[in-house]
Structures are given as structure tokens and as C-alpha cells.
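Novice: From first to last, the protein sequence lines are chains A and B.
Heads up: the first sequence begins at 67 in the numbering used here, then just goes up one per residue.
Heads up: the second sequence begins at 281 in the numbering used here, then just goes up one per residue.
In short, the hints are calculated from the structure, not lab data.
Being a predicted model, the structure only gives us computed values, none of them experimental.
A few of these clues could be false.
Here are some of the chain A residues that sit facing chain B, going by a computed Cβ distance under 7 Å [claimed, not checked]:
no.	residue
1	Leu130
2	Trp131
3	Pro190
4	Leu195
5	Ala198
6	Thr222
7	His228
8	Tyr250
9	Thr255
Pulled from the structure, derived: some chain A residues nowhere near chain B, Cβ distances all over 12 Å [to be verified]:
no.	residue
10	Leu120
11	Asp150
12	Ser188
13	Phe194
Cβ atoms here follow ideal geometry from the backbone N, Cα and C, with glycine treated the same way.
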Amino acid sequence: MTLLQRLLAAQLLCPLACAGDLDDELGGDAVQPPAEGRVGPNTTTEAREGGGQLSTIDASDEVLWVYLDLETGTELEVEDPADDLRWDLAFRRFHIATNGGVSGSAGSEVALVPQLFDEVSSIPDSGFLVDASDGDDDNEDPDYVFRDWYDYNFMTHVLTAHPQTYVVLTGSGNAFKVAIEHYYDEAGTSGFPTVAWAAL
Amino acid sequence: MTLSALIITALAAAPAEGSEEQPGTQTASEPEDTFEGESRNLVVTATRSAHEKNDAPISTDVFDRQMIQDTGAENALEVLEEAPGIQVDRGVGGAGVRLQGLDPKYTLILVDGQRVSGRIDGTVDLTRFPAEDIERIEIVRGPGSVLYGADALAGTINIITRRAAKRWESEAHSSYGSFNTLDLTGRVGHRTKRYTGSLSAGLHNTDGWDADPSTLSTTGPSARQFEVSTGQRFTSRGMFALDGWAQYLRRTTRGVDALNTGAVFDRVNRSETLTANLTPSATWNDGSFRFTGSYSLFRDQFFNDQRGSAALDASQETFDHVAQGTATLSQRVEEHVLTTGVDAQFEVLSADRIDPGTVDRQRYAVFAQDEWTPLESLSILPGVRLDYDSLFGLYPTPRIAMMLRPGQRWRLRASYGRGYRAPTFREMYLLFTNAGVGYQVRGNPSLQPETSWSTHVSAQFLPWRWASISVAAFDHRLQDTVVIDTLDNSDGALTLFGYANIGNAESRGIESSASFEVGPLTFDGSYTLTHARDLDSGLVLPGRARHRGTAGARIHRESWGTTLRIRTAITGTRTFYVDANDDDVLEPLDSSPYATLDARLAQTFTRYVEAYVGIDNILGAGNATDNPLVPRSYYGGVTVRY
Numbered sequence: 067m068t069l070l071q072r073l074l075a076a077q078l079l080c081p082l083a084c085a086g087d088l089d090d091e092l093g094g095d096a097v098q099p100p101a102e103g104r105v106g107p108n109t110t111t112e113a114r115e116g117g118g119q120l121s122t123i124d125a126s127d128e129v130l131w132v133y134l135d136l137e138t139g140t141e142l143e144v145e146d147p148a149d150d151l152r153w154d155l156a157f158r159r160f161h162i163a164t165n166g167g168v169s170g171s172a173g174s175e176v177a178l179v180p181q182l183f184d185e186v187s188s189i190p191d192s193g194f195l196v197d198a199s200d201g202d203d204d205n206e207d208p209d210y211v212f213r214d215w216y217d218y219n220f221m222t223h224v225l226t227a228h229p230q231t232y233v234v235l236t237g238s239g240n241a242f243k244v245a246i247e248h249y250y251d252e253a254g255t256s257g258f259p260t261v262a263w264a265a266l
Numbered sequence: 281m282t283l284s285a286l287i288i289t290a291l292a293a294a295p296a297e298g299s300e301e302q303p304g305t306q307t308a309s310e311p312e313d314t315f316e317g318e319s320r321n322l323v324v325t326a327t328r329s330a331h332e333k334n335d336a337p338i339s340t341d342v343f344d345r346q347m348i349q350d351t352g353a354e355n356a357l358e359v360l361e362e363a364p365g366i367q368v369d370r371g372v373g374g375a376g377v378r379l380q381g382l383d384p385k386y387t388l389i390l391v392d393g394q395r396v397s398g399r400i401d402g403t404v405d406l407t408r409f410p411a412e413d414i415e416r417i418e419i420v421r422g423p424g425s426v427l428y429g430a431d432a433l434a435g436t437i438n439i440i441t442r443r444a445a446k447r448w449e450s451e452a453h454s455s456y457g458s459f460n461t462l463d464l465t466g467r468v469g470h471r472t473k474r475y476t477g478s479l480s481a482g483l484h485n486t487d488g489w490d491a492d493p494s495t496l497s498t499t500g501p502s503a504r505q506f507e508v509s510t511g512q513r514f515t516s517r518g519m520f521a522l523d524g525w526a527q528y529l530r531r532t533t534r535g536v537d538a539l540n541t542g543a544v545f546d547r548v549n550r551s552e553t554l555t556a557n558l559t560p561s562a563t564w565n566d567g568s569f570r571f572t573g574s575y576s577l578f579r580d581q582f583f584n585d586q587r588g589s590a591a592l593d594a595s596q597e598t599f600d601h602v603a604q605g606t607a608t609l610s611q612r613v614e615e616h617v618l619t620t621g622v623d624a625q626f627e628v629l630s631a632d633r634i635d636p637g638t639v640d641r642q643r644y645a646v647f648a649q650d651e652w653t654p655l656e657s658l659s660i661l662p663g664v665r666l667d668y669d670s671l672f673g674l675y676p677t678p679r680i681a682m683m684l685r686p687g688q689r690w691r692l693r694a695s696y697g698r699g700y701r702a703p704t705f706r707e708m709y710l711l712f713t714n715a716g717v718g719y720q721v722r723g724n725p726s727l728q729p730e731t732s733w734s735t736h737v738s739a740q741f742l743p744w745r746w747a748s749i750s751v752a753a754f755d756h757r758l759q760d761t762v763v764i765d766t767l768d769n770s771d772g773a774l775t776l777f778g779y780a781n782i783g784n785a786e787s788r789g790i791e792s793s794a795s796f797e798v799g800p801l802t803f804d805g806s807y808t809l810t811h812a813r814d815l816d817s818g819l820v821l822p823g824r825a826r827h828r829g830t831a832g833a834r835i836h837r838e839s840w841g842t843t844l845r846i847r848t849a850i851t852g853t854r855t856f857y858v859d860a861n862d863d864d865v866l867e868p869l870d871s872s873p874y875a876t877l878d879a880r881l882a883q884t885f886t887r888y889v890e891a892y893v894g895i896d897n898i899l900g901a902g903n904a905t906d907n908p909l910v911p912r913s914y915y916g917g918v919t920v921r922y
């Protein structure tokens with residue numbers, strides 16, 4: 067059909083003021099099939115090139131947290147996070163909590179190591195902190211140890227992960243290195259952190 | 281003949297502001313003090329009464345029908361971008377114009393003297409007004425709130441719709457060009473002593489364009505538009521006339537936006553406008569009365585379809601209804617022409633992204649203006665308008681203007697007045713969360729109007745009947761401007777933005793223009809100096825060119841039927857603010873100056889057929905980041921008129 071024919075068919079044959087609803091004309095995207103490596107409703111984990119695991123977490127909900135147990139590599143359903151000792155990391159949007167301090171009672175501690183993930187091979191001697199209550203800053207969130215994992219570009223509102231690694235001592239006494247690699251899924255939706263992690 | 285007599289002559293000749301003059305107006309006997317051969321060129325916007333363009337107390341630029349045809353423009357924006365001192369601003373709300381360094385939201389857009397609905401992000405998209413329906417466009421710089429109320433701070437643009445000019449007329453027009461741009465319009469009209477009627481329709485298509493093919497984002501959206509309109513005018517044997525105009529327009533635009541997050545969106549906008557107005561008027565020897573009732577509906581459907589996911593899909597629908605009734609009485613009393621009027625306006629907006637979902641406002645206004653001509657060479661225009669807005673209360677907008685004619689060849693004009701811009705519904709009631717990039721914007725229901733005081737001084741020199749030179753200085757001072765401010769983050773959103781009346785700005789500068797007509801040759805040129813800055817930070821406002829100049833030449837060989845037209849515009853450095861080194865602090869970044877060059881050649885064959893070819897943006901100026909100009913494009917077309 068030529069351009070003119072298309073125009074005539076689409077426009078002239080339609081009575082005035084009859085423009086249809088765009089919602090009806092535009093189809094939605096097909097539902098994505100379940101990804102391989104799913105370890106919970108919101109988490110998929112795959113082996114990471116260069117060693118360790120790579121978990122992608124759907125933490126896009128504004129309210130609900132997604133809980134990970136690093137020892138088993140699975141996502142947990144947690145009803146009472148303050149008293150549940152099983153989880154190690156929790157994700158909500160760009161917030162990351164650990165099971166210690168004001169966030170939990172497992173006694174997890176975290177140290178920030180200014181090195182790339184693959185460069186970290188040992189547990190630092192010092193520098194371990196726990197999630198603390200809100201300090202003197204410009205937000206009302208608790209001061210998570212993970213709070214500075216990103217750089218925020220206030221022009222584009224894009225979050226970019228800092229090239230750094232956290233070492234997490236879990237309540238069970240195990241040590242893991244954790245690095246956030248990305249905050250967006252393949253379609254560019256925010257709230258989908260991709261996390262590299264490995265036991266030390 | 282005195283100037284006031286001239287005004288009355290014009291007043292009686294063109295009773296309906298914004299509508300076609302009565303038959304015979306254009307060929308009325310020449311007033312004694314116009315130059316021999318100077319064609320009558322009436323303007324109505326600046327004072328709500330008709331004046332010869334060169335004798336209007338407030339300086340007015342006009343694009344008449346012949347000029348619009350000469351430009352080859354397909355819509356109002358393409359006409360206006362050729363005016364001196366006007367800078368096109370393409371944003372999310374469409375394409376508007378900056379007047380005297382101020383954003384599109386500070387310029388009031390009228391159709392036949394009545395305001396139109398459908399401002400998106402402060403901008404009325406001027407590409408939605410098809411050129412085939414425009415008789416002329418009047419541009420009045422400076423505050424027009426004294427007669428028109430809100431939003432006329434930087435100026436007023438009045439699009440005057442076209443009426444039949446001949447007993448029988450018909451016109452078919454087609455053109456095709458780069459980017460699969462196709463325009464097809466048709467028009468029929470009939471005019472008798474008592475009746476003028478016309479019907480026109482148009483189809484417009486373009487595939488859009490992309491200034492940076494290396495990204496998925498497109499720069500200029502594809503667009504398909506269809507419109508149909510009719511104008512009808514009945515004139516009684518005596519003093520009465522009834523004028524009406526109606527238009528329905530539908531426009532669908534599509535584009536692609538790629539965010540830095542990696543998200544890619546296919547964006548579709550479908551907007552429809554339905555505009556109708558009815559103007560009964562009466563004219564007598566020394567005065568006129570007219571009432572205009574108008575209704576304008578703007579419906580916009582917006583759909584943002586994320587590729588590969590439905591997580592960030594968004595759709596929203598907006599209905600904006602504006603109904604307006606304006607009554608104006610103009611009466612000559614000795615050396616005075618008194619113009620008084622009342623104005624009532626009702627606006628209802630329903631949209632998905634505002635809270636509450638439906639909001640409304642009413643405005644009632646009275647205005648009065650005295651056009652006093654104590655001497656033949658002097659006109660003084662005090663005027664005041666008092667608006668009552670249901671959201672903001674009372675807003676007075678006075679203006680005093682003066683024109684002095686020290687000789688036949690000089691016009692000196694000065695004006696000082698107040699303008700105001702009412703915050704948009706969006707600024708007051710928006711509730712928008714962008715989950716994709718993690719921010720929220722909230723309107724502020726307690727916003728107050730922005731106000732301005734503006735000064736204009738100009739000199740126009742008409743050394744010969746074929747030459748005109750003018751220089752003007754302007755100064756706008758804006759208080760309580762609405763700016764987006766970062767608010768406290770209390771509910772987990774990454775960043776919360778809101779609107780606040782905390783800005784102060786000024787824009788001042790000089791506009792100069794000259795035109796010469798020598799035989800078949802017409803030359804025109806302009807230079808504009810603009811200095812607009814934020815008074816709090818001291819920084820110049822982004823995107824404005826401090827220096828801008830235009831030049832054009834037109835050669836019209838009557839015996840050959842050939843018209844060649846060449847235009848260039850040179851735009852100087854514009855300053856933008858970006859966080860270039862990622863330290864969360866904006867640094868100024870100057871864009872490169874650029875020049876555009878357009879050429880158009882038209883040839884008539886017999887009196888009925890005109891064919892033309894043209895090239896726009898021959899130099900290929902523009903880029904995707906700070907200068908989204910339509911790339912070099914070629915076009916050709918044929919118009920058949922009977």
C-alpha cells in the first residue's frame with residue numbers, strides 16, 4: 067500500500083474526532099520466559115566469568131525487600147527480618163542491607179575494600195562496620211554500610227557502581243566478597259542490581 | 281487626515297479583530313499621509329483595533345499571506361522561524377519560539393485573538409497550525425497582558441485564519457521532500473458582498489529525522505497530520521457581521537528515546553484539537569463592538585513502550601478544555617479611541633499524571649485602553665486590565681505606551697508594562713514518578729503567578745517608500761519565576777523534585793532590522809543582541825544566543841513569473857550547563873556558532889499554476905545534543921489556484 071493510500075485509509079475514512087485509544091492499538095511486550103538459574107522469585111544466579119557467582123535481583127519494588135542467603139546461594143522468604151538469622155544481604159531499589167546492626171540480629175559485619183572484585187583474595191584485618199541508624203545526612207534512611215556503592219549522576223539520574231568490593235562476614239562466620247556491577251536489567255529498567263559474589 | 285481619524289478609518293474597515301477585513305478594505309483610498317503606493321497592511325493584535333502596520337502605536341511584525349506562500353512554510357513554526365529575533369525551541373512539548381530571550385511559555389499564542397488550549401510543558405506546538413489555513417501572523421513583542429491576560433510577558437503571537445479572498449476560489453497543493461515529507465492540501469472558497477465561506481483540508485506526513493544515527497534515539501519525530509477547517513462570515517446590509525471558524529486536527533508523532541540506563545522507548549503521541557469560535561460584531565462610523573465566543577479542546581494520548589520489557593511502559597491521556605468569551609467595545613470620542621472589554625475564561629484539565637485527576641480554573645477580567653491622539657504626531661496609550669483568577673486572586677496588568685512621529689519618516693515608540701504568567705496545571709498538580717530512572721516530580725498547589733515589568737523603546741525610520749529601518753531595545757524583569765527545586769527525600773524515591781516561586785531573571789537586548797525593496801529585488805536583514813540571565817546566580821540563561829543575525833534576498837521577475845528566495849541565519853554561541861567532570865556541579869559549556877542557509881525557486885505557469893523547488897539547511901547545521909535542526913532537506917511541489 068502506498069503512503070498516500072495508507073494515509074487515506076487511516077485518516078480520511080475515519081469520521082471526525084474518532085481517534086481510537088492508543089492503548090488499544092499498541093500491544094504490550096510478550097511476557098519474558100523464566101530465566102535459567104532462578105534461585106527464587108526475584109533472583110537468578112549464574113557462574114561468573116573470572117570466578118564466583120553473578121546474581122541479578124529484581125529489587126524494583128518500592129517497599130518489599132529481597133533477601134539472599136549467601137551460604138546457600140538462594141533467595142529467602144523472610145517474614146521477620148529483624149530476628150531471622152538466615153539472610154545475609156537484602157535489596158530494595160538501590161538500598162542494600164546486611165543482617166547486622168539496625169538491620170538484623172545475625173551480627174553480620176561489612177568492610178569496604180577499594181579494589182576490584184577479582185583483585186580481592188583475603189579478608190581485611192580491620193574496617194568492619196554494621197548498618198547504623200540514620201546519621202547527619204540529607205536522607206532519612208538508615209546508614210547502611212553499602213550506602214556508597216553507587217555514583218549518582220544528577221543530570222541523567224543514572225546510577226553507576228563504584229569499582230569497589232565489600233567483604234561480608236556473615237553471622238555464621240563465613241566470609242564473602244561482594245561487588246555491585248550494574249543497577250539496570252537488559253531492558254534498562256532500574257532496581258535490578260547485578261551482584262558478583264564469592265566465598266573467601 | 282489626523283492619526284486618530286486614520287485609526288477610526290481602520291477601525292471601521294476591520295471590525296472583527298483577527299478576522300478578515302471586509303471586502304474592499306485592501307483597496308480603500310490611500311490615506312494622505314502614507315507613502316504613494318504603500319499597500320495597506322492592517323494589524324490588530326497590539327491594541328485590539330486595526331492600524332496600518334507602520335502606524336500602530338505598538339510595533340507589530342506581520343507575515344501576510346503572500347509572505348507565507350513565499351517562505352514555502354507548511355506550518356506556523358516554519359513561518360515564524362524566519363522572523364527577526366525569534367529563536368525556535370524544540371522540547372518535549374513540541375516546537376515553540378523564544379521571544380526576546382524568554383522561553384516559549386512566556387509568549388501567548390492566539391488564534392483569531394483567542395487563546396488556544398494544549399500547552400505541553402509550557403509550549404504550544406506551533407507545527408500544529410497548518411500554513412494553508414493562515415491568512416497572516418502578527419507578532420507583538422513585549423507584555424500584552426494589558427489586553428490578553430496571562431502568559432503574554434515576552435510577546436503575543438496571533439495566528440489569523442484565512443478567509444476567501446475572491447468570488448470563487450479553489451486551491452490544491454502538493455509537495456514532497458526529504459524524509460518522505462508529503463503535504464497535500466485542498467481548499468475551496470466563495471465570497472460575495474454578504475457572505476464569505478471556505479473549506480479546507482490537509483494531509484501531512486514526515487518520517488522524521490535523526491541527527492545521530494549512531495544511537496537508537498531519533499531526533500525529529502515522524503508525524504502524520506490530518507486537519508479540516510471551515511470559515512464562514514455573514515455581513516448584513518447595515519452594520520452587523522457574523523464570523524465563525526472551526527477546525528479539527530489530528531496528529532500522531534512517533535519517536536525513539538534511548539536512556540543512559542540502556543532502556544529504549546518507542547514513543548507515540550496522538551493529539552487532537554477541536555477549535556471553534558463565533559464572532560458577532562457591529563460596526564458604525566466611529567466605533568465597533570464585537571463578541572467572540574470560543575472553545576478549544578486538546579486531547580493528547582501519550583504512550584511510551586519500553587523495548588524488551590513492560591516494566592516502564594507508560595500511557596497517559598490529557599483533556600484540556602478552554603472556553604472563552606470576550607466582548608470588546610471600541611469608540612471614538614474626539615481625540616480618544618476608547619477600547620473596553622470583558623473577558624471570561626474557563627479551563628478544565630483532566631490528565632493521568634496530575635493529582636487530583638481533574639482540575640479547573642476560571643478567570644474573569646475587565647480591561648480598558650485609551651488611545652489618545654492629542655497631536656497628529658503623538659499617540660499615548662494608557663491601559664489596564666484586571667484579572668480575577670479562581671486560583672490566584674486579582675492580578676492587575678497596566679501598560680503605558682506612546683508613539684511619536686516627529687516627521688513622516690520617523691516613528692518613535694516606547695512602552696512600559698506589567699505581565700504575568702499563571703502557573704500551569706502541571707506545575708501545580710503534577711504527580712509523576714519516573715521509576716525508570718528513579719525520581720519523582722510533584723506539583724505545588726500554592727504556586728503564585730510569575731510577574732514581569734518590561735520596557736520597550738524603538739525607532740523606525742522610513743527614509744524612502746522602499747526602505748524601512750528599525751532599532752529597538754527591550755528589558756524584561758521577571759520576579760517569582762517558577763523553577764524546579766530539589767525537595768526533601770522522605771519516601772524512598774531517589775530524588776524528589778518540586779516547583780517553587782523562587783527565581784528572578786532578566787532579559788535585555790537590542791533588536792534591529794532593515795528591509796529594502798528595489799525593483800524586483802527585496803533585501804532584509806536583522807541583528808539581535810540578547811542578554812538573559814538568572815538574577816540569583818548571575819548565570820546567563822541556557823540555550824540563548826547572545827548574537828543572532830538574519831539576511832534574506834528575494835528576486836521576483838514579474839514578466840517571467842519567477843521568484844528566487846535565499847535566506848541565511850547566523851546564530852552565535854549559546855551557553856548550556858552540564859556536569860562534564862561528574863562532580864555534581866554544573867559547568868558552563870558553550871556551543872559552537874552555526875549558520876543556516878535556505879533557498880527556494882518558484883515559477884508560475886499561467887496564472888493558475890506555481891511549481892517550486894527548494895533546499896533547507898544547505899550547510900547541514902545542527903546536531904543531536906544541543907542543536908536539533910532539521911538536516912539538509914530537498915523539496916518540490918506544485919500549487920494550482922483558481
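Novice: Does each hint hold? Answer for all of them.
Specialist: Each hint, compared with the structure:
1. Leu130: Constraint on leucine 130 of chain A not satisfied, violated at 12 Å.
2. Trp131: Given a least distance of 12 Å, the restraint on tryptophan 131 of chain A is violated.
3. Pro190: The hint is violated - proline 190 of chain A has no Cβ within 7 Å of chain B, the shortest such distance being about 28 Å.
4. Leu195: Since chain B brings no Cβ nearer than about 22 Å to leucine 195 of chain A, farther than 7 Å, the hint is violated.
5. Ala198: Not OK, violated: alanine 198 of chain A not within 7 Å of chain B, min 18 Å.
6. Thr222: holds (5 Å)
7. His228: violated (12 Å)
8. Tyr250: Holds: closest Cβ of chain B sits about 5 Å from tyrosine 250 of chain A, inside 7 Å.
9. Thr255: holds (4 Å)
10. Leu120: holds (17 Å)
11. Asp150: At about 22 Å from chain B, aspartate 150 of chain A clears the 12 Å cut-off, so the statement holds.
12. Ser188: holds (31 Å)
13. Phe194: holds (27 Å)
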